[in-house]
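Number of protein chains: 2
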Amino acid sequence: MEHFGAVEAGGTKFICGIGDETGNLIAEQRIETLSPTETLPKVVLFFQEKSKELKIRIKSIGIGSFGPLDLNPLSPAYGHITSTPKTGWPNTDIPGFLRDQLNCACTIDTDVNAAAYGEYLWGAGRNLGSLVYFTIGTGIGGGAIINGLPIHGLVHPEMGHCIVDHDEKEDPFSGVCPYHSDCFEGLANGPSIQARWGIKPEELPSSHPAWDLEARYIARALHSIITILSPQRIILGGGVMQQLSLLPKIRLLVKESLNGYVVSAAITSGIDGYIVAPVLGKQAGVLGSLALAIHPPEL
Amino acid sequence: MEHFGAVEAGGTKFICGIGDETGNLIAEQRIETLSPTETLPKVVLFFQEKSKELKIRIKSIGIGSFGPLDLNPLSPAYGHITSTPKTGWPNTDIPGFLRDQLNCACTIDTDVNAAAYGEYLWGAGRNLGSLVYFTIGTGIGGGAIINGLPIHGLVHPEMGHCIVDHDEKEDPFSGVCPYHSDCFEGLANGPSIQARWGIKPEELPSSHPAWDLEARYIARALHSIITILSPQRIILGGGVMQQLSLLPKIRLLVKESLNGYVVSAAITSGIDGYIVAPVLGKQAGVLGSLALAIHPPEL
Numbered sequence: 016m017e018h019f020g021a022v023e024a025g026g027t028k029f030i031c032g033i034g035d036e037t038g039n040l041i042a043e044q045r046i047e048t049l050s051p052t053e054t055l056p057k058v059v060l061f062f063q064e065k066s067k068e069l070k071i072r073i074k075s076i077g078i079g080s081f082g083p084l085d086l087n088p089l090s091p092a093y094g095h096i097t098s099t100p101k102t103g104w105p106n107t108d109i110p111g112f113l114r115d116q117l118n119c120a121c122t123i124d125t126d127v128n129a130a131a132y133g134e135y136l137w138g139a140g141r142n143l144g145s146l147v148y149f150t151i152g153t154g155i156g157g158g159a160i161i162n163g164l165p166i167h168g169l170v171h172p173e174m175g176h177c178i179v180d181h182d183e184k185e186d187p188f189s190g191v192c193p194y195h196s197d198c199f200e201g202l203a204n205g206p207s208i209q210a211r212w213g214i215k216p217e218e219l220p221s222s223h224p225a226w227d228l229e230a231r232y233i234a235r236a237l238h239s240i241i242t243i244l245s246p247q248r249i250i251l252g253g254g255v256m257q258q259l260s261l262l263p264k265i266r267l268l269v270k271e272s273l274n275g276y277v278v279s280a281a282i283t284s285g286i287d288g289y290i291v292a293p294v295l296g297k298q299a300g301v302l303g304s305l306a307l308a309i310h311p312p313e314l
Numbered sequence: 016m017e018h019f020g021a022v023e024a025g026g027t028k029f030i031c032g033i034g035d036e037t038g039n040l041i042a043e044q045r046i047e048t049l050s051p052t053e054t055l056p057k058v059v060l061f062f063q064e065k066s067k068e069l070k071i072r073i074k075s076i077g078i079g080s081f082g083p084l085d086l087n088p089l090s091p092a093y094g095h096i097t098s099t100p101k102t103g104w105p106n107t108d109i110p111g112f113l114r115d116q117l118n119c120a121c122t123i124d125t126d127v128n129a130a131a132y133g134e135y136l137w138g139a140g141r142n143l144g145s146l147v148y149f150t151i152g153t154g155i156g157g158g159a160i161i162n163g164l165p166i167h168g169l170v171h172p173e174m175g176h177c178i179v180d181h182d183e184k185e186d187p188f189s190g191v192c193p194y195h196s197d198c199f200e201g202l203a204n205g206p207s208i209q210a211r212w213g214i215k216p217e218e219l220p221s222s223h224p225a226w227d228l229e230a231r232y233i234a235r236a237l238h239s240i241i242t243i244l245s246p247q248r249i250i251l252g253g254g255v256m257q258q259l260s261l262l263p264k265i266r267l268l269v270k271e272s273l274n275g276y277v278v279s280a281a282i283t284s285g286i287d288g289y290i291v292a293p294v295l296g297k298q299a300g301v302l303g304s305l306a307l308a309i310h311p312p313e314l
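These protein sequence lines are chains A and B, in that order. Whatever position you read off the first sequence (first residue = 1), add 15 for this note's numbering. Whatever position you read off the second sequence (first residue = 1), add 15 for this note's numbering.
Looking at chain A on its own, in the form it has when it is part of the complex:
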């Protein structure tokens, strides 16, 4: 049995894991995200100590990281975090550091592409060729698998910053995105809900009108996702989606918004199976990172 490492590199915590080739996690540890010089050596120590304790060798490590990342294999900064506002982290080369310290191969992608890849291999996207995965929480991010591969390109998708239509009569709130004010993330992330209604999302009852408005923005973003990418399934995770009344509202509004234009049974009669919660739940990130290590996508 071969063993692989996973690092879900987030802005507040790193989740490190070790798994076997079937995707079964046998060790896991949470490490607080401080500066790179404080956090990364602890990641190395986890893999060194655990592999000694378990008497295994780690063949390679997959990293699903906050970004933005340089994912151009021809770039000298390939694999680096680039222009993040997070102090200490710009130009950090997580895979380079782990490769040097642990002497094993490392693959990196965005946190949401990793989660999308995990769901594609082992979760809600099994047996499909394409899917989109969204996390809707403090930030909004989207990853996508198309023809079996994560989308890269000019940089990588930043789906949270797509355009939605903001009706200022219905919702005079101006949005919280520092770049675009009222893009999707600016109008629908957790902080925008709190700023608009003065109540934390987790304290808003399911009957509060906040959830109808939230479902509307998510549905309009998904309308664009479906017309632009035509994914075979859409998976919605993240803290805001813990409000369970949202998912049925979103499904209804996506159908209404597309208004019969996209002729597919998945939308016209099977939308409950088309827009779904993550099967891997909160482990989508770490398992997606493990998936990158075990089955590195051949780009």
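Be aware that one or more of the hints could be misleading.
One copy or any two copies: either way a pair holds, since identical chains are not told apart in the list.
Claimed, not checked - Quick list of in silico lysine-lysine cross-link-like pairs, BS3-like style, CA-CA up to 30 Å:
#1 Lys270 <-> Lys70
#2 Lys270 <-> Lys65
#3 Lys215 <-> Lys264
#4 Lys67 <-> Lys184
#5 Lys264 <-> Lys184
#6 Lys184 <-> Lys270
#7 Lys270 <-> Lys101
#8 Lys65 <-> Lys184
#9 Lys184 <-> Lys28
#10 Lys215 <-> Lys70
#11 Lys67 <-> Lys270
#12 Lys264 <-> Lys70
Hints in this document: simulated from the structure, not taken from any laboratory.
Based on these hints, arrange chain B on the given structure of chain A.
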């Protein structure tokens, strides 16, 4: 030298072509789009007569077609036009008919995926891994090549129907899309320009405010395209883009709209080379169809 066929199947005309393996067209014919029983036999006749006259054998035919199309290889209706409002054409199997009559292999994709693929192999997308191609005219359609392959999925992209933000104070016109009123196509296709201003787009002078509004809607749609797909280049063709003042306006407004969020020299300092006109011009459709025949994408 091997020879290949191309069929650009449009709502008003079919352009048929024969080309060699380098993409060089050696014969071309325009056939009016009437009913399938009138038009398709003429397509067959073109290939039969021309290949006899030129003393060549056509190895395979690529078809770039109006849609919607069933592009699921596992579907019994694979390759058929599905629910088009165009009389006589629903459930038409163009590749099946040509295969039977001409006894050669046929590959089909959407007209815009074909054009995107032609530009990818031989035009503005050479040496790139991804691009998006838009035609902006009577309709608005977008095709995309990601990791070297056209996007399919649930069905195929219908990018003209993505959401843009419609400011009804600035533009009280309600939009012409019969499904969504004020989606991108509803607010920015040729008929919407004519309906809003009472003048045909080709007769509007470049100084008319119509073009600022048009550029704004295109730029906002491209903002979503860039954040969702992150393509390495965007190609804008079609009748409306014949107004040459549009392209510089669009470039400026895309930069303004993204507001520094997507950190890439292609946008921050090289946008004139990032959002471009088609290199293949009006031949993008027929050459893209030829490209599908010569180098069928391995999906």
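These are the hints, each one checked on the structure:
| no. | hint | in the structure |
| --- | --- | --- |
| 1 | Lys270 <-> Lys70 | neither (53 Å within a copy, 53 Å between copies) |
| 2 | Lys270 <-> Lys65 | neither (48 Å within a copy, 48 Å between copies) |
| 3 | Lys215 <-> Lys264 | within (20 Å within a copy, 41 Å between copies) |
| 4 | Lys67 <-> Lys184 | neither (62 Å within a copy, 67 Å between copies) |
| 5 | Lys264 <-> Lys184 | both (22 Å within a copy, 29 Å between copies) |
| 6 | Lys184 <-> Lys270 | both (24 Å within a copy, 27 Å between copies) |
| 7 | Lys270 <-> Lys101 | between (38 Å within a copy, 24 Å between copies) |
| 8 | Lys65 <-> Lys184 | neither (57 Å within a copy, 62 Å between copies) |
| 9 | Lys184 <-> Lys28 | neither (39 Å within a copy, 45 Å between copies) |
| 10 | Lys215 <-> Lys70 | neither (46 Å within a copy, 75 Å between copies) |
| 11 | Lys67 <-> Lys270 | neither (53 Å within a copy, 52 Å between copies) |
| 12 | Lys264 <-> Lys70 | neither (49 Å within a copy, 62 Å between copies) |
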